[in-house]
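Novice: If you're matching them up, the sequences are chains A and B in order. Mapping of the first sequence onto this note's numbering: position 181 corresponds to residue 181, and the numbering continues sequentially without gaps. Mapping of the second sequence onto this note's numbering: position 210 corresponds to residue 210, and the numbering continues sequentially without gaps.
Quick caveat, the hints were computed from the structure, so don't treat them as lab data. It cannot be assumed that every hint is accurate.
The list treats identical chains as interchangeable, and a pair is accepted whether it falls inside one copy or across any two copies.
Unchecked claim - Here are the simulated SDA-like cross-link-like pairs (lysine to any residue), alpha carbons at most 20 Å apart as the crow flies:
1) Lys141 <-> Arg158
2) Lys141 <-> Leu166
3) Lys58 <-> Gly74
4) Lys80 <-> Gln37
5) Lys80 <-> Asp192
6) Lys58 <-> Gly36
7) Lys80 <-> Gln165
8) Lys58 <-> Gly68
9) Lys58 <-> Gln137
Every value quoted in this text rests on a predicted model; they were computed, and no experiment measured them.
Number of protein chains: 2
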Amino acid sequence: MRPAVVLFSGGLDSSTCLAIAREDGFAPHALAVRYGQRHDYELTAAERVARALGAPLKVISLDLRAIGGSALTGDLEVPKDAPIGGGIPITYVPARNTVLLALALGYAETLDAQDLYLGVNAIDYSGYPDCRPAFVQAFEKLANVATAAAVEGRASYRVHAPLLQLTKAQIIQRGARLGVPYGLTHSCYDPDERGRSCGRCDSCRLRAQGFRDAGVPDPTVYSPG
Amino acid sequence: MRPAVVLFSGGLDSSTCLAIAREDGFAPHALAVRYGQRHDYELTAAERVARALGAPLKVISLDLRAIGGSALTGDLEVPKDAPIGGGIPITYVPARNTVLLALALGYAETLDAQDLYLGVNAIDYSGYPDCRPAFVQAFEKLANVATAAAVEGRASYRVHAPLLQLTKAQIIQRGARLGVPYGLTHSCYDPDERGRSCGRCDSCRLRAQGFRDAGVPDPTVYSPG
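Bound conformation, chain A alone:
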C-alpha cells in the first residue's frame, strides 16, 4: 500500500479522515503537532486513536505560543455559548493549517508519500479561512513547486480533504461505518484537568449537534461543571 500522511489531532474529523485514507487504499501515517494548544489533551487522544486504528503516529513539537494571537495558544478565553458563523472566531490560530500542512509535506517527502490528508470541513465549521477549498487548492499548487521530489519528477502531491463538503452528521455516519472509535476522540478546546469536554465551546457544540443529527449515540464525556 502507498503511504499517505494524515494530519491528525485525535479529534472527530481527523480520526474519520484517517479511516477514509485507509479505505482509499493508503497506508496512513498520522502526524500530530504539539503547538502550544491549551487543549493539548488532544495529543493523548491522538495516541489512543492512532493505536486503535493501527496507524503509526509522529508528534512534532512547535511552540506557536511564541506568536500568540489566538485563544487556543494565548491568554484569551475560549468563547462559550457564542454564536457560530458570525465571522472568524478568536480561536483561529494565525496560519495554523498552513504551518501544519507544511510539516505534513516535509514528512511526506521523507516517506516518499505523495498524498496528504487534511480533515478540514467547510460546512459545519467555525469559519476558519484555512478550512476552505481555496486554501486546500492553493496549498496543493505550492507543494508541487516547493519540494525536491516534485521538482525532480518523483512526486505529484495531492491534498485530500474528503470531509470538505460533508455535514458533521455525514462525517459521523461515515466514520461510524468505518469503525472510528469516537469514544477515544477529543474535540473540546477547553477540557478540564481530566480531559472531559466543556460542552460549550464551538467545537463541542458542533460535535454534539453532529451526533444528534446523525442519530449516532454521543460517547463524549462532559465535565459536570
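For chain A, the structure is supplied; the task is to place chain B on it using the hints.
Specialist: Showing chain B alone in chain A's frame:
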C-alpha cells in the same frame, strides 16, 4: 513605519534582506527558527546581527529532526568540496522554506504586517526548489487565501524576495552599502565548536566566492582544520 517580517538566519543573505526591508521603508521584525539544524550556531549570529541592525528578533523552536531527510537535520554528513549545481544536494531540508514562510505568515498576522521578506536567491545557490521564483509566487497566493486578515480584507500579503535575481557578489555589494555587519553573520553548514566556518561546504564556498567577486574583504573566520 509599517512592520514587515523578515525570515532571518543570521546568514549573509537574510542579513542583507533585513537591511533592504528597512531601506524599503519597513520596520523589520526578524524571525528565526531553531529547527534542529546542526549549524544552530547561526542563531547566535542571528542575535548579534539583529542587535547590530536594531531589529527585534523572535526565535521559534521546532524540531525538524523528527522528520529528518536532510544532512542539515539528520545524521548524514554535510558534503565538502562537492560540485555545486549538480542537482538538489542532501542539505535540502524537506519543505523547509514552506514551513518557515508559514511561521512568518502567522507572525505577520499577529503584528498586522502584510509584508514578508525572504532572502532566497536563485543565481548563486545550491539548487534548492524552495529558493525559486515559482515557489515565492505560489506561497504569496496561498497567503492570501489562508489567513483571517486576508479573507476579511484587512491584509494583502506580499512575499518580497529582493535577492532572487542577484548574484552573491551583487548581494554583498548591496549589503556593504547598507552597512550590513558581515563579520557578525554566519553561513557555514558545519562550523566547529567555536563557530568557525569550514570553508568547504556549498554555503561557505558560495559565500567566499561572492566576497572575491564583489571585491569586498571577506571577514569570515575559518577553522584552521
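Novice: Check each numbered hint against the structure and report the violated ones by number, ascending.
Specialist: 2, 7 and 9
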